[in-house]
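*Asks:* Here's the letter readout for the chains.
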Amino acid sequence: MFATPDDDAVPPDTSATIPGGRSGTGRGRESLALLAERVRPTAASRTRLLPVDPALAALLPEGGLRRGATIVVATRGGAGGGISLSVALLAAASAGGSWCAAVGLPDLGAVALADLGIDLGRFALVHSPGPAWAEATATLFDGIEAVLLCPPFPPRPAMARRLVARARDRHTVLVVVPGRAGWPEPPDVHLAVDGARWDGIGQGTGHLRRRRLTVTATGRRSATRPRRHDLWLPSPAGTVDGVDGADR
Amino acid sequence: MDRLLVVRCPDLLDEDEDGDALRSFTGVVAAVEAYCPWVTVVRPGVCSLPVRGPARYFGGEQALVGLVHRAATGVDGAGATVGVGVADGLFAAVLAAGAGVVVPAGGTPGFLAPLPVAVLGDDDLADLLARLGVRTLGDFAGLPERHVLGRFGAHGVACHRVAGGRSGELDGLRQAGCGPRVEALRRGTPEPVRQSGFWGGMSDADARAARALDEVQRLLGPGAVATAHLQGGRAPGERTRLVTWGGAAVEAGDPGAPWPGRIPPPAPVLVHGRPRRAEVADAGGGAVAVSGRGLLSADPARLSVEGGPWQAVEAWAGPWPSDDRWWSRAHRRSARMQVVAADGTRLLLVERGRWWVEATYG
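Protein chains in written order, with our numbering: chain A, 1 to 248; chain L, 1 to 362.
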């Protein structure tokens, strides 16, 4: 299976750098570029970004998950949607063959995960890590490309800082769902679900069909100005979808 | 708690820039493995092995300690001060190795009791305890656990259990990732970089993930890591089962996420292994029930989960009578309902007049 690279991840015009490549013919360049893309598997590993669903790209300053970055997904007012959003962030990377793991989320429903695009065969579940949760999470960084963490106990600031530094060091994406425990360390990107509204359900009629989430993204450097986006999560098919003009 | 033999090389505890210390330690691990294949690298300079089997084979714990000590000291660069010790649990075993003693079975709490609280490696905690007049692990272990929890939190409780010899694992005792690095050094390969398994077989990424998951399982215990599998294809009504990492062992009883078929998609992202009690009331405060024919006794107006505050019901759908039988051995009549409240959207199950939160659209 070939990875489909996002635009950011494509090396700058590979065809022009191949010695002897006849850059004059447009078709030759095109097929070379195509070939370069196909033989990319080793190159893909070095790219800085893990892909995300296009509907989520606008929330992230670089349009993807930067390896080594920490992202906190919070829910304001308990409306829900934070867990779905945190899983959806990993879905494209998982579908592309990256190993992911979830720590401290014993109730994740596998059907919803699969519907979002998670490859369950490469998605490790560490349901109840107990007091050694931080150590277990740090251990995962050595071989897992993206880790979803819901700390079972309130993390001490020094511990959170160490985890963030270790994720950066090991080039692992750390997505934190603070839950009740909270997260004391400012992340690279902070996503907050401000609102959630269900479609399709009434007073004893219909059923839950899709949910519109309003998400505000803030960040440390490139994302200092808050950005708001609306998403369908889940869509009627259980996936994530952008809210386009017709829906507004 | 496992009875462990620990080899501790004080000269190799700190990694140097050119990696010589770790390479020497790799030699120590190889030498120790001659006596037992199950050697775990704890951190640079420290490794452990379960003592029961090898001790029986080599004629007792004391004899095994002597053999391992001789083997480890003979390794180039290991230094002359290699310590080998045996105790219950990793924490005590590391200290026993430092002292070069074999703590008899069951004697670990007594071995730990006179040691200063500073050996727990948490200066803040040690300071605080010293001010309270608690100076040894024995004094600390004597405090009631609920007081420790109230005063020092979950980390304090972890230290308290270790101090009393009831647990051998402490945050920071093991250095994550050290095992795979030693392993990579031993095979003479540089630490693997990810490559795709283009020609089939296990890719380096898979191997790296496998090593990390193995390590987590060594840390937390067997069965701590699992993957979920969908059974019976992608149709609604399927069930999921959890497979523990590294074993074909399929968890019976299925704490995972069974998913009833009568509820239309999308599926909820949280399926509670243990359903939570809920109460549903109508506008007048009376309990809402579902009749045998699947009709609500009144419109639901308020919802409370596990005795929590009442939340106004904003919308609901159902009830859908259920005829699936996964819920219990005996077939029972039950129904499900989706409820949107200010604090979340849930799937409720009602059975014999009792309401449960079965799943949450988190």
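Please keep in mind that the hints were generated in silico from the structure rather than gathered at the bench. Heads up, a few of these hints could be off.
[Unchecked claim] Pair ranges (Cβ atoms, derived): (1) 228/A - 14/L: 29 to 35 Å; (2) 98/L - 48/A: 41 to 47 Å; (3) 285/L - 161/A: 29 to 35 Å; (4) 128/A - 147/L: 23 to 29 Å; (5) 352/L - 48/A: 42 to 48 Å; (6) 299/L - 128/A: 45 to 51 Å; (7) 285/L - 203/A: 16 to 22 Å; (8) 352/L - 205/A: 22 to 28 Å; (9) 121/L - 130/A: 15 to 21 Å; (10) 218/A - 353/L: 42 to 48 Å; (11) 228/A - 183/L: 25 to 31 Å; (12) 133/L - 228/A: 31 to 37 Å; (13) 220/A - 121/L: 30 to 36 Å; (14) 77/A - 104/L: 56 to 62 Å.
[Unchecked claim] With the C-beta cut set under 7 Å, the calculated list includes, among others, these residues of chain L facing chain A: (15) 111; (16) 211; (17) 216.
In this text the structure is predicted, and so the values were computed from the model without any measurement. Glycine included, C-beta positions come from ideal geometry on N, C-alpha and C.
*Asks:* Tell me, which hint numbers fail for this structure?
*Replies:* Structure breaks hints 1, 3, 5, 6, 11, 12, 15.
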